[in-house]
Amino acid sequence: MIEQIMINFPNDYIAAIKSFGLPPRETIRVNTLKITPEDLKVRLEKKGFQLSLTPWLDYAFHVDSTNARHSLGATHEYLKGLYYIQSLGSMIPAHLLYPRPGDQVIDMCAAPGSKTSQMALQYMENQGNLLAIDIKESRIQSLISNLHRMNVTNTIAIPYDASRVFTQHLGKFQPNKILLDAPCSGSGIIRLDPSVKRTKNDNQIIRLQQKQKELLKAGLKLLQPGGTLVYSTCSFFYQENEMVVAEVLGDMENVEIIEPQEDIGLPGFSSIGDLDFGYDLVKTRRLTPHLHDTDAFFLCILHKK
666 MIEQIMINFP NDYIAAIKSF GLPPRETIRV NTLKITPEDL KVRLEKKGFQ
716 LSLTPWLDYA FHVDSTNARH SLGATHEYLK GLYYIQSLGS MIPAHLLYPR
766 PGDQVIDMCA APGSKTSQMA LQYMENQGNL LAIDIKESRI QSLISNLHRM
816 NVTNTIAIPY DASRVFTQHL GKFQPNKILL DAPCSGSGII RLDPSVKRTK
866 NDNQIIRLQQ KQKELLKAGL KLLQPGGTLV YSTCSFFYQE NEMVVAEVLG
916 DMENVEIIEP QEDIGLPGFS SIGDLDFGYD LVKTRRLTPH LHDTDAFFLC
966 ILHKK
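Note that this note's numbering has the sequence shown beginning at 666, numbered continuously upward.
Calculated directly from the structure, the hints in this document are not laboratory data. Hints are not guaranteed to be accurate.
[What the hints assert, rightly or not] Calculated lysine-lysine pairs in the PhoX-like style (CA-CA distance at most 25 Å, straight line):
{"no.": "1", "residue 1": "K699", "residue 2": "K745"}
{"no.": "2", "residue 1": "K837", "residue 2": "K882"}
{"no.": "3", "residue 1": "K745", "residue 2": "K706"}
{"no.": "4", "residue 1": "K745", "residue 2": "K878"}
{"no.": "5", "residue 1": "K745", "residue 2": "K882"}
{"no.": "6", "residue 1": "K706", "residue 2": "K683"}
{"no.": "7", "residue 1": "K745", "residue 2": "K683"}
{"no.": "8", "residue 1": "K699", "residue 2": "K711"}
{"no.": "9", "residue 1": "K837", "residue 2": "K886"}
{"no.": "10", "residue 1": "K745", "residue 2": "K876"}
{"no.": "11", "residue 1": "K948", "residue 2": "K876"}
{"no.": "12", "residue 1": "K712", "residue 2": "K683"}
{"no.": "13", "residue 1": "K886", "residue 2": "K876"}
{"no.": "14", "residue 1": "K878", "residue 2": "K948"}
{"no.": "15", "residue 1": "K801", "residue 2": "K878"}
{"no.": "16", "residue 1": "K801", "residue 2": "K876"}
{"no.": "17", "residue 1": "K683", "residue 2": "K711"}
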């Protein structure tokens, strides 16, 4: 793990290593169909929480300190679905996809529903259609529970392997927006789960990379021409990020990387050592704990011509 940090953060690996040892910063996302961010802030601060707006998103708050009697996951407001506990980095993939009311959307790896509910509520306003897929049937129930708590009404959840979904399975459903927050090593969430440092070896990374490529190829085939797919991971390993995108796009001439319009994160790598991923990979984005005070995330916007 230390070697990977040094490869991925060659100029500031000491700061990166230190940041991975810090506790994660709690962040919440407001259900803006139920309450305004301003009103929720007032209600939670009366309960003893101290909130500050996050960068990039005007509907999310960092919870900086608390004298509250209850935890964030046990307040009346939480149980009523007025907010969702979610790291800032985890909110950015859906923000970059930016689905709108009336869109046809697929969340390919949806459980437990954080990004699904974010798309449905913040961007689609419970309009249009959202298909939430997850391969693990045991996780579908938590997904459905979260969607119910947040009052999501435009989403269908199914247990299935998204890499095996083909156009003929969808009938008249023609997705113009797809989110692929791919299964990954989780190396970017060391602050939340320190066991990650000891649980992934090179063979596991190779297997994950293969699955990521399968999912990305499947998603791009399902995507309608003119549509957008966002590929993301909570990993800082280039093998799961730039390398996956470069290898998949090498076989697809009708797909291009789009640079985010907003100033979010750092550019991705166009190369590492002798590995050349292609200059367009600098249009991808990376979030890092020591610079952005959130989990490490990789983000890539893809447009199908």
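So, against the hints stated earlier in the document, which numbers end up violated here? 4, 5, 6, 7, 10, 12 and 17
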